[in-house]
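Top line first, the protein sequences correspond to chains A and B. Quick note, in this note's numbering, the first sequence goes up one by one and the last residue is 308. Quick note, in this note's numbering, the second sequence goes up one by one and the last residue is 307.
Think of the hints as simulated: they come from the structure by calculation, not from any bench. Any given hint could turn out to be false.
[Stated by the list, open to error] To give an idea of the interface, some chain A residues facing chain B are shown, with a C-beta separation under 7 Å as derived from the structure:
1. L21
2. W94
3. M197
4. L199
5. L201
6. V253
A quick note: this is a predicted structure, and the numbers were derived from the prediction, not measured. Where a beta carbon is used, it is the ideal one built from N, C-alpha and C, also for glycine.
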Amino acid sequence: MKKLFVLMRPYLLLSIGVVLLSATPSLFAGENNLKFSLFRYGQTVIETIVQLTKPHSLTLYTQTQTLAFPTMPENRSVEFLDQITERPLFPEVWGIVIYTAGLIIASFTIAIIMAIVLGWMTELLPSIFKKVLLKCCSLLESMPDLFFVFCIQLFVVWIYKQTGWLAANPFTSSKEPALLIPLATLSIVPGIYLFRMMLLLSETEVDKDYITFARSKGISKSAIILKHRLSNTISELSTHFPIIMLLLFSQMVVLEYLFNMNGVIQILLSEQPYETKAMLLLLIVTPLFAAVKGLQKVIFKRRNIHVE
Amino acid sequence: MLSKIPLFFTGFFLLLFILAASIVVPLAFSEPEVNQFRYSDSLKKLDIPPYSPSKENWLGTDRIGKDLFYILVDGAKYTILFACIITLARILISVILGLFFKRLFNSSWFSDLIQSFQYVPPSLIVLLTLSPFLFYELRNESVLSTSETLFLQLLVLIAVGVLPLGKIIAETTELLSRTDYVICAKLMGASSFQITAKHIFPHLWPRLFVLVGRQFAQVLTLMLHLAIYHLFIGGVQITSGQEHDQFNHYASVSNEWTGLISAYHKELMLEPFIVMVPVTAFALLVLCINIMTKDLEQHFKNRFLSK
Chain A
1 MKKLFVLMRP YLLLSIGVVL LSATPSLFAG ENNLKFSLFR YGQTVIETIV QLTKPHSLTL
61 YTQTQTLAFP TMPENRSVEF LDQITERPLF PEVWGIVIYT AGLIIASFTI AIIMAIVLGW
121 MTELLPSIFK KVLLKCCSLL ESMPDLFFVF CIQLFVVWIY KQTGWLAANP FTSSKEPALL
181 IPLATLSIVP GIYLFRMMLL LSETEVDKDY ITFARSKGIS KSAIILKHRL SNTISELSTH
241 FPIIMLLLFS QMVVLEYLFN MNGVIQILLS EQPYETKAML LLLIVTPLFA AVKGLQKVIF
301 KRRNIHVE
Chain B
1 MLSKIPLFFT GFFLLLFILA ASIVVPLAFS EPEVNQFRYS DSLKKLDIPP YSPSKENWLG
61 TDRIGKDLFY ILVDGAKYTI LFACIITLAR ILISVILGLF FKRLFNSSWF SDLIQSFQYV
121 PPSLIVLLTL SPFLFYELRN ESVLSTSETL FLQLLVLIAV GVLPLGKIIA ETTELLSRTD
181 YVICAKLMGA SSFQITAKHI FPHLWPRLFV LVGRQFAQVL TLMLHLAIYH LFIGGVQITS
241 GQEHDQFNHY ASVSNEWTGL ISAYHKELML EPFIVMVPVT AFALLVLCIN IMTKDLEQHF
301 KNRFLSK
């Protein structure tokens, strides 16, 4: 029981933090103007937590705007009528949550695998290549992520214009969701980051004793890299996973707008009750947290066995 | 000093030059007039905006015919100054918090609570907080006045970075206060103020400089991400030429770069160069700051090693 509590405590505190964050508008919102009030904030937070314990009573607002024409004899002016309909949150939202969280986690996996494979391949190359690659990577990494997004979108459309072959649809249409290009754009920046980290970290590994020992035993270079250096670098790399997740999620926020995707962010930013927003945010954050912590745990466990 | 970190100073003077040019040029020259069309008698050639780069318009014009070079130069100061204010305020507040509440930041439950900043990106936090106040439709009015908008934006943008930064600073201070000389000073009866001022601060300084550089780049990226959702610093102007709302045009009040990128984004598939001009300028700015930071970091690392 106590072990479970220790295991769950970071997650519980994380969820409380998420609830605290999602209730922030009530810190400033007065009746008609800005009014700072800590008391109202506390009230909202407690209400939100109480509501969150009853997930089936949560609702989702949908705004619709309809164009209305008054009857003919009057002048032909148009009127916009705002309508808000309320629906239960579940199971409506599952598909959307899975789409967003799935994209993030898939590109997380792609970035890690790409970085490891590329890192292993560059280790086999002569060291001049490595230096040039490192310089290139740190240059690319300093670019804002939107630069890549625009370039990829332009590139896909350019190929389509030239050859008539659409590699993947660059925008979500009503028929099919965009999948491939968001995945590619999402995983590029974290991939570069991880790759550079791999190269830097494995550089510090070279001078360590076990490498010299392995080499003196006559183990071939590629075997040393694959078996010893790589696994040690990966465990060093795992401390950077939370940063990668943050990078991915913050890119996802922008990509959802740029690729016109039907994801969670647009629901979060529309007018919704606090508890719905908190619930949606929790649903997204939970798998990301689980992925990072789980992966770290697996890597550390393997490393401990190696040490023994 | 100058010869040891040449890249840092090159970047620094470049930024100062851009800032100065951006303040002086709009005062000295008025905005070039918009040409609705170009026509030459000899060639019988008719051309309408957007013009591609030429002698009159160095970087071309946008769809209305505004000179992109002039707009870029005019907007540079807003981008740099806003990012500067936010970064410095963040660092200042978080240094104070980190030093005073060192123990709170290092306690495990509080750092687990702050973890939410590690899993929810700052752009989303800012958008969640500000969207009820600042998002409005074409036919509605903004709830807040311009000064209120600016105040709220600055407040939220500063606040969102303070806690994670405070944690970094508290961790660094904790690490520094475990060193032998601090323990010695403590045993000899130095007050905690004296230890902070004499022993911890001199070592914290160089790290703070590097932190400022990193924060600056992060704030710029954050501003860009917010601008994509039409959340411009200083407020948004919404206009529409059509009867239906499909083609609303969102523009920032100033010619601020991130706002330009967002406003020109719909030209991406039509006239890519219009959006690529501010994007390239912005990318170069971020690149410049990152190179400066890296140079500074390398310098401090070398100095530390040589000691």
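How the hints compare with the structure:
The beta carbon of A/L21 is positioned within 7 Å of a beta carbon in chain B (closest approach about 6 Å), and the interface hint is therefore held. At its closest, the beta carbon of A/W94 sits 20 Å from a beta carbon of chain B; the interface hint therefore is violated under the 7 Å criterion. This hint is violated: A/M197 has a C-beta 15 Å from the nearest C-beta of chain B, more than the 7 Å allowed. For the restraint placing A/L199 at the interface with chain B, the shortest Cβ-Cβ distance is roughly 16 Å, beyond the 7 Å limit, so the hint is violated.
Among the interface hints, the one on A/L201 is violated; its C-beta lies about 16 Å from the nearest C-beta in chain B, farther than the 7 Å criterion. A hinted interface residue such as A/V253 counts as satisfied when its beta carbon comes closer than 7 Å to some beta carbon of chain B; here the least separation is about 5 Å, so the hint holds.
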